[in-house]
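Asker: Sequence:
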Amino acid sequence: MRSPVGEGRQRLLKALFDEFGENGPGPNLSMRQVAERLGVHHTLLTYHFGSRPGLLRAVLLEARRRDNVLIAATGDELGFAALCRAIWTFYSDPAHEDRTHAFFHLVGLAVYERDAFQELVVDIDGLANLLEAAALREGATAAEAGQRSLIATACLRGLLLQRLLTPTAEVDAAAERFIASLAASEGEKRAS
1 MRSPVGEGRQ RLLKALFDEF GENGPGPNLS MRQVAERLGV HHTLLTYHFG
51 SRPGLLRAVL LEARRRDNVL IAATGDELGF AALCRAIWTF YSDPAHEDRT
101 HAFFHLVGLA VYERDAFQEL VVDIDGLANL LEAAALREGA TAAEAGQRSL
151 IATACLRGLL LQRLLTPTAE VDAAAERFIA SLAASEGEKR AS
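If you're matching positions, the sequence shown starts at 1 in the UniProt record's numbering and goes up one per residue.
Just so you know, these hints were derived from the structure itself, not from any lab.
Any given hint could be a false lead.
Label pairs and their computed distance ranges (CB to CB) [claimed, not checked]:
(1) H105 <-> D172: 18 to 24 Å
(2) T166 <-> G26: 18 to 24 Å
(3) I151 <-> R32: 38 to 44 Å
(4) G158 <-> T43: 35 to 41 Å
(5) E113 <-> Q10: 20 to 26 Å
(6) A116 <-> A15: 20 to 26 Å
(7) E77 <-> A142: 18 to 24 Å
(8) E113 <-> A154: 17 to 23 Å
(9) G21 <-> A154: 25 to 31 Å
(10) R65 <-> E138: 22 to 28 Å
(11) E176 <-> R65: 26 to 32 Å
These numbers were taken from a predicted model, which means no experiment stands behind them.
Think of the CB as a built atom: it goes at the ideal place given N, C-alpha and C, for glycine as much as any other residue.
Please put together the full structure from these sequences, using the hints given.
Answerer: In structure tokens form, the structure reads like this:
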């Protein structure tokens, strides 16, 4: 008896992470090269993921889901600025550079083909939701929490993109300055 399609896809995702590690296959590998490494026919990958961008999207979504679980595990204990620092530390770690490259590659494709990447577009809000919850815990209104989350997410992503394009200590210093300004703002709100 054959397993349902979703189970086959999940088994392939597991095999992808087992073979390629937590970042999945690099964006430079073709579907045939990935299939060869997994010991499956490339048409099986095409059936479950559609295309190379579809494969990368599925791997990235699963990796981000796993990341969000790790970050969320500490998120309930952290304030807004500390959570921003944890997110920056996690994604600026060189061990996650391939995943960060894949993220921006797919976001670039999503800009041109939003409907084809709707699942990725929706998933992008995962970290924003964690940040919003941290802001709410600190007493922000729902509107303030949403705005703070949006600003922080956009700034951290922009800094990560800058770090990929021009990896200098200045980018890390700018991230630290941004996060320190959040902490200072939190301190001012508590004092008033």
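Asker: Each hint needs a verdict: does it hold in this structure or not?
Answerer: Do the hints match the structure? See the list:
At roughly 22 Å, the beta carbons of H105 and D172 sit within the given window of 18 to 24 Å. Range check, T166 to G26: Cβ separation about 21 Å, and the 18 to 24 Å hint holds. The beta-carbon spacing between I151 and R32, approximately 43 Å, falls within the hinted interval of 38 to 44 Å. At roughly 39 Å, the beta-carbon separation of G158 and T43 lies within the given 35 to 41 Å, and the hint holds.
At about 25 Å, the CB distance of E113 to Q10 agrees with the hint of 20 to 26 Å. For the hinted restraint 20 to 26 Å between A116 and A15, the CB-CB distance of approximately 24 Å keeps it satisfied. At roughly 22 Å, the beta-carbon separation of E77 and A142 lies within the given 18 to 24 Å, and the hint holds. A beta carbon spacing of about 21 Å between E113 and A154 agrees with the range 17 to 23 Å that was offered as a hint.
Between G21 and A154 the beta carbon distance is about 29 Å. The supplied range of 25 to 31 Å therefore holds. Separated by about 26 Å at the C-beta atoms, R65 and E138 satisfy the suggested range of 22 to 28 Å. Distance hint for E176 and R65: a CB-CB separation of about 28 Å, consistent with the stated range 26 to 32 Å.
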